[in-house]
Each structure stands twice: as structure tokens, then as C-alpha cells.
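Based on the hints, put chain B in the right spot on chain A.
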Amino acid sequence: MREIEIDAQSKTPREVNHEIKELAKDYDRIILKNPNAMHYLIAGLTEEVEVVIDGSAGYFVGTMIHEAKIKINGNAGWFPADNMTAGEVIVEGSAGDGVGQGIYGGTVVVRKDVGSRTGEIMKNGTIIVGGSSGFMTGLFMMGGRIIILGDIAEDAGESIIRGAIYVLGEIKSLGKNAKVEELDQDDKKELKELLPTYGFDLDDSKYDQFRKIVPRSKRPFYGQESEEG
Amino acid sequence: MCGIAGVVYKDKKLHNVGDDMTKMLNALQHRGPDSAGFSIYGGLGLEDNEYLLNIEVKEKPGLLDTVKDTVNLTTPIKTDEIIPSVENFVIYRCKISLDNFSQLKPLIMDVDKLENVMVLNGSHSFEMIKDVGSVLEIADRYDTRSKMGTHAIGHTRFSTESIVDRYHAHPFQTYIIPDITVVHNGQITNYWKIRDPLERKGHIFETNNDTECIVHYVADKLSSGYSLEEALEQSVIDMDGPFSYVVGTPNGVGIAKDQLGLRPGVMAENDDVFAIASEEVSLREVMDTSNVEQISPGEVRVYEI
Numbered sequence: 000m001r002e003i004e005i006d007a008q009s010k011t012p013r014e015v016n017h018e019i020k021e022l023a024k025d026y027d028r029i030i031l032k033n034p035n036a037m038h039y040l041i042a043g044l045t046e047e048v049e050v051v052i053d054g055s056a057g058y059f060v061g062t063m064i065h066e067a068k069i070k071i072n073g074n075a076g077w078f079p080a081d082n083m084t085a086g087e088v089i090v091e092g093s094a095g096d097g098v099g100q101g102i103y104g105g106t107v108v109v110r111k112d113v114g115s116r117t118g119e120i121m122k123n124g125t126i127i128v129g130g131s132s133g134f135m136t137g138l139f140m141m142g143g144r145i146i147i148l149g150d151i152a153e154d155a156g157e158s159i160i161r162g163a164i165y166v167l168g169e170i171k172s173l174g175k176n177a178k179v180e181e182l183d184q185d186d187k188k189e190l191k192e193l194l195p196t197y198g199f200d201l202d203d204s205k206y207d208q209f210r211k212i213v214p215r216s217k218r219p220f221y222g223q224e225s226e227e228g
Numbered sequence: 000m001c002g003i004a005g006v007v008y009k010d011k012k013l014h015n016v017g018d019d020m021t022k023m024l025n026a027l028q029h030r031g032p033d034s035a036g037f038s039i040y041g042g043l044g045l046e047d048n049e050y051l052l053n054i055e056v057k058e059k060p061g062l063l064d065t066v067k068d069t070v071n072l073t074t075p076i077k078t079d080e081i082i083p084s085v086e087n088f089v090i091y092r093c094k095i096s097l098d099n100f101s102q103l104k105p106l107i108m109d110v111d112k113l114e115n116v117m118v119l120n121g122s123h124s125f126e127m128i129k130d131v132g133s134v135l136e137i138a139d140r141y142d143t144r145s146k147m148g149t150h151a152i153g154h155t156r157f158s159t160e161s162i163v164d165r166y167h168a169h170p171f172q173t174y175i176i177p178d179i180t181v182v183h184n185g186q187i188t189n190y191w192k193i194r195d196p197l198e199r200k201g202h203i204f205e206t207n208n209d210t211e212c213i214v215h216y217v218a219d220k221l222s223s224g225y226s227l228e229e230a231l232e233q234s235v236i237d238m239d240g241p242f243s244y245v246v247g248t249p250n251g252v253g254i255a256k257d258q259l260g261l262r263p264g265v266m267a268e269n270d271d272v273f274a275i276a277s278e279e280v281s282l283r284e285v286m287d288t289s290n291v292e293q294i295s296p297g298e299v300r301v302y303e304i
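Heads up: the sequence lines are chains A and B, in that order.
When we follow numbering that gives the first Met the number 0, the leftmost residue of the first sequence carries the number 0, and every step to the right adds one.
When we follow numbering that gives the first Met the number 0, the leftmost residue of the second sequence carries the number 0, and every step to the right adds one.
Please note that a few of the clues may not be correct.
Stated by the list, open to error - With beta-carbon atoms standing in for the labels, derived distance ranges:
id : chain 1 : residue 1 : chain 2 : residue 2 : range
1  : A       : Val179    : B       : Val235    : 20 to 30 Å
2  : A       : Asp53     : B       : Ile236    : 39 to 49 Å
3  : A       : Ser9      : B       : Met0      : 15 to 25 Å
4  : B       : Lys200    : A       : Lys217    : 46 to 56 Å
Stated by the list, open to error - Here are the simulated BS3-like cross-link-like pairs (lysine-lysine), alpha carbons at most 25 Å apart as the crow flies:
id : chain 1 : residue 1 : chain 2 : residue 2
5  : A       : Lys122    : A       : Lys178
6  : B       : Lys104    : B       : Lys200
7  : B       : Lys94     : B       : Lys112
8  : B       : Lys22     : A       : Lys10
9  : B       : Lys22     : A       : Lys32
10 : A       : Lys32     : A       : Lys20
Since the hints were made in silico from the structure, they are not lab data.
Note that the coordinates shown come from a computational prediction; the quantities given were computed from them, not determined experimentally.
Backbone N, C-alpha and C fix where the C-beta goes; we use that ideal spot for every residue, glycine too.
For reference, chain B alone in the conformation it holds in the complex:
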């Protein structure tokens, strides 16, 4: 059992979606105590060729300098900050420039080669925050309540099979195309059947987590010309198991639910906001919920701005 949520402001303007998502996820805290995460879109304000890296670094003499040297070999670090975390790790966050998006994944792989270092994500149009602990602990650690954006997705995790750590917290990201993230509640039981053709196409899997498989799958479809709605519809046909998942893209959010409807998903919207979540209690944090719609088995919903 995990909690998933998404919220979009229809006017495309910046709103306090970090605070919204913090409240929505806190309302779903009972669905997953292990870790939590956010993708907050639209508020970073980076230049066209700029990217933000979030790197988990063990507190060890000289290691942070090694990380900086490794990044600087590819591109000079423009700005950076260090965010304290737990279990003797810090999160090193830096802004860089790249000539094109295709350089991002190789840079991440170079940094990942360092011992006790893991790149949590690299993004252009969204800020990813994910860590172990409760929603409110993470919200305080990363000041999520102050984050502005146009839309966001989030997750509270109850781990079933893969390990509990910062890296396996959701959202998961892909580098097939820029800035696609996924949060997920459930299991993809034909995981290897989905993963194998994606790997044959050259997509790189970093974990055995089925959520990573979903994000690569959706990005692969989008890069093949599918609309977000079409990609989600096809995923419901192709994927087995009990699942509901929420996708975030630079343009909006979407939800897909398995054909037997074995994981929950509800939505509500008004003139200003479109919101989706595992439970109504989460929707209530961002709008009046007199009209809550159940996402039906096999159904997808998308809202793009």
C-alpha cells in the first residue's frame, strides 16, 4: 500500500504547489511510512540549457570535493548547496549547463561510479525531492512548503519488495526524454516482459523496481509519438498486476489504473484545480470534494496545461 497524488493549477501560473502536495501527502501518510517524494514542476526558472542535479553523498572527508571535480570535468558547476539528510548522508544540489539533454545521463553515470555517491535525479523543469522518513520530516528537511510551481505529483511509500532508501523512494525518473516522473501504488507482475524490450532499445535500468519500468515505458511511448493519454491507455493494456500510478510531465499529470481496479484512485476538479489521489482525504486538502469521481478499472485521466 502506497499513497499517490497529483495536482495541477489550470491557469498555468505559479502557485504554492509544494505546500499543496505536502498537505496531500501528509493526509496519505497512513498508506506508507517508509519514504516520501515530490516532483514539483514549473517553478525552477532555469535557463534553456540549465539542469539541476540532486546527488546523495556520504559524509566522508574529501568525497564532496571529488563529486564536484567529477561534475566540473563535464561542465562547470554554476551554483550549489548542501542539504543535510539522515544516516550520514547529505544531498548535494548543483546547477549546471549542458549543450543538450543527451549529455545528462552520461554525466549522471560518471558521478554514480563514485563510491558512496548516488545521483538521485537531474532535471530541467521540475524539482525532485525524495527521502526516507515521514512526509512532514521530509517537508521540514527540504522546505517543500515554500516551493512554487504549476503542478506536482507525490508519493508516500510502503515498501513491498525493494529496499527502503532514498534512491528507491518515488518519484522515479527517466532520461529517455526530459522530465518525466512516476509515482506508483502496486505491482507490475509482468515486469520482465515490459522491461526486456525497453532494454533492447537501449534504455538503461538502474534498479529492479517496477516503478522505474513504468517511467521508462511511458517515456518510450511519448518519444514514439504517443500522447500522454494514449501512452497511459496502452500501459493499461500491456501491464499486468494491481496498480495505479501517476505520471508528471512538464505539461501536466495523468493517472492510470489496472484493468481489475485493484488499487484506488479518485479525482476531483473545479475551475482552478485538477487533483488526483489514492483517497478523498488527500483531495480535500486542495479543494471542496463534494464531487469525487472514482477512477474506474482500466481507466486513465490526464490533465495538461
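Bound conformation, chain A alone:
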């Protein structure tokens, strides 16, 4: 494996991102030291490369990446992995609002708690939260899956259109167009295969405690299909 370490100290996000994009052509693994919660890190990286952020990242870390894998050895601010199309963003600490906002694919993992509106307008892909998730998780979600191992706050699945939110802990309240279902065997199998992959080793009995938030209607705003304009 070809690995290189770079230092973000005294550099702008644009300089750091440019350097990483150049290095990604020749290296498999890039370690970024002294990130100091900088915003916009690793924006738009489309190489199959692993980037380790050795500390916390600010807003929009990994926005619009494709195929890149990012590991953050700290916390992340608002909107980590925003609009990602493929790849992986793993946050070892906590994260702010809008985790995985609008993603089209790939996987986002946050080990601890996250803020509000997790997975808002996501179209596909997977978001796993090791802790709890805040207000309006899955807002206007249009596909994919969100898995919350802690509690989920008020208005979960607000205006959800497609996709599913799996919750192990308490569901504070549901949003408009959201309903709760029990998991079927396929759901449990899917979670049992997925979660250990990211280091979440749950007892078998825990998988029986998950509940699933799904849409009540696929057309909650515009009525019947015949009314489509």
C-alpha cells in the first residue's frame, strides 16, 4: 500500500483539497494531520483512495465524493458526506446536523450521536448512527436506509417518501407520512450482515428490538397517481 501523510496546518481548505486530489492519483492512503475542524475537507474527491482525517472535520466533509473512503478520527460538523454518490465516510466521534444529506449512494457511519435532520432528502445509500439522532431524521427521505442504534428524536421520518429508518432505541414521535412497522426476516438478515461490517456487534436478541419507520403513502402531497400533472 502506498501511503503518505500531509499537514493541514496553515493551509486553506482549497489548498488541502487540491493537494489531496493530486496525491490520490499516486497513493492508496492519505493521512491528513492537524485538520482543526476545517470546513469542506475532501470535497469532490472521485478517486478510489482512503483518506484518514486525524482529528475533527468541520462542515461538509466529503461533500460530493465518489468512490473515496474517508475516516475521521474525531468529530464532524454539519452535512458530512453531503450528496455523496458512492464511497464511505466513517466518523469515529459525533456529528452535527444533516449527516448524509441528499446522498445518492455509499455509506456514512457515525459512531456517537448526531444532530438534526439526519439523511434529509437522501435518495439512496446507507447511514448508520451508533448513538442517537435528532429532530426530523429522514426529512423528505426519498430512498436508502438509515439505521439508528440509539434513540430517535421528534418527528422522525417527517414527509418520508421512500426508504426506511431502522431504530433500536426509543422513537420520540413520528413526522407526517411516517408509520412504524415491525421488521421482517429479510430486514433482520440485512441488518445482521451490515452492522458487524462496521464494528457494531449486537446480541442476536437486539435485532428483535429494532423497529422500522416507513412512509404511509408514496404520494402524500399530490394525491392519487391519476392526479399527477
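Quick look at chain B alone, frame taken from chain A:
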């Protein structure tokens, strides 16, 4: 978009909070380039009846003497200094004594009647520093890094509606009760609904800035017997719009966030320090931030010493 921050030392002793807040605000500089401000509590060391006035005075022959004469009509100036600022203004800072706090606002209103003069604030237990420009420019201008205190709040401003000047920089202060200040990120969309009952109670508004409305609101609640936490909780119920704001009082700091959580707020604490800010990058200036907590929509946090 603005940046807000607060820091409290739990041991109640004097620390270099001016330097802490300078670093915290500089880390938030990208959130607001227009102006910046500090309320640094606990380090002034004034006697019980003493107050510090910060007065913006245009550089004009004789005007400073007129200001001094106006203050001296109410109470003799004990000490004073002049701090150079920008745009042909200086900041005249003087120490005075008053028989009671209720005399402070009338004195300020008398001085404000002078043309090209504006009292930025009058305080007993905290030092307010606010001006136009970047955090580091203001820090150099007012030597904020040397200021000692027990706790502080601060702000970097990105103006949305009201004008960019020294007076509209945050923090905003109220004179309903002593030494309450507020820094704010966001908008209060039911501003007039909040302001009207406060004005009917006799509270005086000097601007149309929604942050001034918050500080009067919180002080009004505190003067009605609410705890700081209760006042902030009620504000989240009463106020509409996207906001997070930080309050400083002689005893501590608090943060409140709107019910939809549309403005950021994070906090971290250890055995020594409690800190709140718009972003983690600011908290990192005063402590290890391995455990950063997001302030949830509608949530308030308070730390009092």
C-alpha cells in the same frame, strides 16, 4: 451567518478569558467579517457603586470636552482613557460612581443626545468591547488578549438587515437589570410581537435590531423571577425564526436554540471549563473536544458559577 461563543471557568477565579475569547472568535471569523465584540465578565474590579462607560465620540474639536461636561453634570468622572478607533471616531472610556443602577440609563440617554456621540454601553461587572473590523484587528485595538475574567461571551457579525457600525455590533446590553448581554446568530421573525409588550412595560429600545429585543426579553424575565434557564426556555417557546443566541450574566452564560434547530450550536466541558460556540473549531481553542455535544432544536444550556 454569525459566530457566537461563550466560555466559563468553573473555579470562579480570574483567567485570561480575553485571550480565550479572542481565539474562539478568530476561529469563527469566517462566519462574520463585519464586526466583532466581547463581554468579559468578572475582571473589572469596580467598587459596588462604580460603573464603566464606553462612549463613541467623533474626532471633532471640543466634542470630547462636551461629553466630559455632560457626564460630570450627573457625577464626577473618576478616571478615563481614550482608545483610538476607525472612521474618525475614538472610544472614550470613563469610570464613574452612581448612587444606584437606575441612574445609569438616564445618564446614557443624556450623553446620547449629543450629536456625533453614542454610548456603546455602561457596565459594572463586565467589560464590553465591540467594533467594526476583524477579530484580530479589534483584539489589537483594545488589547483583548490581556483581559482577565471568570467568563466571557463573544460574536463575529455577518450583517443581514441592520447597518454595520460599532453600535450595531454585538453584544447588545439591556438596562432593565444590570449587566445582561446577548450575542446572536439568526433572526427573530416575530420581532414586533416580542417587542411590543416589552415597550408597553416601559423598556426602552434604541435600535430595530432583533438582538436588542432578545436581551430586553431575557432581562425582563430575569427581573420577573425566572431563572436564567427558565428565561431561555420560555424564549424558545415565545420566539419564532431561526436563531441561536448566547447570554452573559454576572453569574454565567447560557445558550438557546430555536425549535427547528436552524442555527448551529455546540458545547463541550471538562472539570475546568464550560464552552459553547457555533462550531467545534472554536471550542478547540479552549479545550480538548473529543466529546462535542450538539445543542438540539429548542434546547437551552446554562452554566452559572
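Hints versus structure:
no. : hint                                : verdict
1   : Val179(A) <-> Val235(B): 20 to 30 Å : holds (28 Å)
2   : Asp53(A) <-> Ile236(B): 39 to 49 Å  : holds (42 Å)
3   : Ser9(A) <-> Met0(B): 15 to 25 Å     : holds (24 Å)
4   : Lys200(B) <-> Lys217(A): 46 to 56 Å : holds (52 Å)
5   : Lys122(A) <-> Lys178(A)             : holds (19 Å)
6   : Lys104(B) <-> Lys200(B)             : holds (16 Å)
7   : Lys94(B) <-> Lys112(B)              : holds (20 Å)
8   : Lys22(B) <-> Lys10(A)               : holds (18 Å)
9   : Lys22(B) <-> Lys32(A)               : holds (21 Å)
10  : Lys32(A) <-> Lys20(A)               : holds (16 Å)
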